[in-house]
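Novice: Each chain, letter by letter, is given below.
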Amino acid sequence: MKSKWFVWVVLLPIVILFTVFMVLPIAGGFVIATFDYNPLRSGNSFIGLSNFVKLFSDATFIKSFKNTLMFVFVTVALNITVCLFLSALITSLRWSKLRSLFRVLFFMPCVAPLVASSTVWRGLYSPKYGLVNSFLENVLHIPAVNWLGTPAFVMPAIILFTLWADMGYNIILLSAGMDGIPSDFYEAAEMDGTNALKKFFFITLPLLGRTMSFVVAMTLISHFQMFAQFQVLAGRTGGPNQAGNVLTYYIYKTAFQAKDMGYASAIALVLFAIIMIVTLVQQRASRVDWGY
Amino acid sequence: MRRVFSTTLAALLALSLLAGCGGTEPVDGVAQNGDITLTFWSHQETGWNEAQDVIINEFMAANPGIKIKQESFPYDDFESKTQTSLISKSGGADIYSLWGGWAVDFASTGAFSPVPDDFVAELRADSYAPVLGAFEYEGKCYGVPLEFNIEYGGMLVSVPKFAELGLSYPTTWDEMIRIARENSEARGVNFELRGFDFPAWDALTYIWLSMILSSGGQYMDGGKFSFATPTGIETMQKLVDYVKIDRMTNTDGITNAEELEPYHKFFLGETLMVPRGPWVVPEGEDEFGQVYGEDFEYVAMPFYGNQKLFAAETGWGLAVNAASANQEAAWKFVEFWLEKERLLDYNIACGMIPPVKSISHEPELLDAMPYLAPLVDILDGGVFIGYFNTDTLKEAVSDMYVDIINSGISVADAVKGLDDMLNAE
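Read top to bottom, the protein sequences are chains A and B. Start counting the first sequence at 1; every next residue gets the next number (the working numbering). Start counting the second sequence at 293; every next residue gets the next number (the working numbering).
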């Protein structure tokens, strides 16, 4: 009985913290979404679910919704694939200092604030003075591209930047997971004459299940919430033809520029629902029932 | 011993915290000796703040019982602090130097003190139409203008490039377009020379509005947007053709493709003509080291139609907080600032066009800023842009324009969609 009290007392601060900063804002968001709420007005009327109905006919919301899904699934898929490959390469290095060096190098972009690195990349993408076009024209001898000024190139440019900026975390996590796989499996495989590719697909990948499940879930969630690079690289109009507009940026513009907090809350709740559904599906799909 | 020490330390800490809650600031800005302290907020802009300091010091010397405490913030902080204080209707400053367009959101909420009747009568009689527009609400005025914000009527021209081409500056719209068309040179996505670089956040919208107005058209009908008129469609088609067919520039200025704005590219020598407000002239001299008259000049931009009409929004002005306990003293300070000689000095120091007719043609103004000459003659043709959030309009027009350029949508359909979207808000 005494120990139960102790557990409650220990848990109470975090329960209060979670309730005040997580549960109440979500509940508050739902309440605001049912109002035509503008903080500048003295009276705000209750409109039920009208804000949610409006979403279906809002072309900007539909475009942002599609852009968000495209960005998340393409970036996360590329991120996981590239990080797995790089982590395997780093783990295969025999010299531990070299392994540490590469981990630090890949992690460095994660230390820089996203806004600052986005601003630097905006300069790199400049059509006339940017290093990217300079490389295309002078090294590869192909015509320059208007990266952030052409609808078809805006999202690829943002995806490329996000990969560079965000791979470090996953490389650390995946290579740590790979380090944790007992060497017995590899030794047994080597005795059977298995090549490196087979070892990766039949030993490393299956035994990395728990780490992968965590990495994929966290990467999905964080990518749905990304904002800074869209604000900097797509700009205040969301890029040409809204090609770089995503839900987080649309929420920001609706709430703080148009001051339509009710509608912004409705969009935020949709984003919340999407993240929850995708995470639940992903967790169910990658459930791991074993250990070693 | 340890417990006594800890208790004493805790008590001292608590006392120091409580002491921090008090203060020597006068309650409601009134000190025990009856002196009034007014707080004045503005954004950080060295030249402007220095000119404000001069006025504040003069006022305090003339009114010993009133002190002005100036606080200036970086622009973004200033905007959010001002808006937060006006929304909450508590705290904040007694007097704000704010962007007139913000008044559209706040005048209706009772956040501003109305301009005293005798002062407003004098102001209305002397002011140009656009400068009071956003401050007006239901017959009352909730702020006073410090400038005539003009984004149409003048353009930067490159002196060496015109000389190299053996051309004189255009005096008609057709001539301007012909020069731009014949001398623009593109290489892939980049330009060697942009003839007339007009797609920019402000310039695109203001040029289109002036094209409509100067042709005798209207873009508002009974408080609703009505761009989908023959004039609205024809003029937008022209603007689209200048980029799609004539290739005199591209849409980089409104798509975030570059960090550089069109007038930055002009000062880097990439452009022949670029329309912009006169405030870019000092920036060209100070930031880019350009010499006025040698590297560039600011000349009159021709009108598209027969009438010299253009739209303008309410620029920087002063407003008094309705929550201020010392509104009378605050208005006294504002009236002091708006005295003609003082306002003229302030306008010259800040590179602004005066908002009132009585000083806009003063020789002193043109002596200090000769590049304003093409603008002061057209100020009477300024039409208040309309009582709405102008950023919403500019964003919608920019989006529509880029959409027309990049997709197959017709101008007529796009303009109709613009009306529907703006009128639905």
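These aren't lab readings, by the way, just hints derived from the structure by calculation. Since the structure is predicted, the reported quantities are computational estimates derived from the model, not experimental observations. Please note that a few of the clues may not be correct.
As the list claims (entries may be wrong) - Output of the computed footprint for chain B on chain A, the stretches with three or more beta carbons under 8 Å from beta carbons of chain B:
1) 13 to 27
2) 33 to 41
3) 136 to 147
4) 235 to 242
As the list claims (entries may be wrong) - Here are some chain B residues pointing at chain A (derived, C-beta under 8 Å):
5) S382
6) V481
7) N482
8) E484
9) L485
10) I546
11) T547
12) E687
13) S690
What the hints assert, rightly or not - Short, incomplete list of chain B residues facing chain A, as computed with Cβ under 7 Å:
14) D345
15) N349
16) E474
17) A478
18) M512
19) G514
20) V694
We put the beta carbon where it would ideally sit given N, CA and C, even for glycine.
Novice: Each hint should be assessed against the structure and marked as holding or not.
Specialist: Results for each hint:
no.: 1; hint: 13 to 27; result: violated (count 0)
no.: 2; hint: 33 to 41; result: holds (count 3)
no.: 3; hint: 136 to 147; result: holds (count 5)
no.: 4; hint: 235 to 242; result: holds (count 7)
no.: 5; hint: S382; result: 14 Å, violated
no.: 6; hint: V481; result: 4 Å, holds
no.: 7; hint: N482; result: 5 Å, holds
no.: 8; hint: E484; result: 10 Å, violated
no.: 9; hint: L485; result: 12 Å, violated
no.: 10; hint: I546; result: 7 Å, holds
no.: 11; hint: T547; result: 4 Å, holds
no.: 12; hint: E687; result: 6 Å, holds
no.: 13; hint: S690; result: 6 Å, holds
no.: 14; hint: D345; result: 32 Å, violated
no.: 15; hint: N349; result: 35 Å, violated
no.: 16; hint: E474; result: 22 Å, violated
no.: 17; hint: A478; result: 11 Å, violated
no.: 18; hint: M512; result: 20 Å, violated
no.: 19; hint: G514; result: 23 Å, violated
no.: 20; hint: V694; result: 5 Å, holds
Comparing the model with each numbered hint stated earlier shows that hints 1, 5, 8, 9, 14, 15, 16, 17, 18, 19 do not hold.
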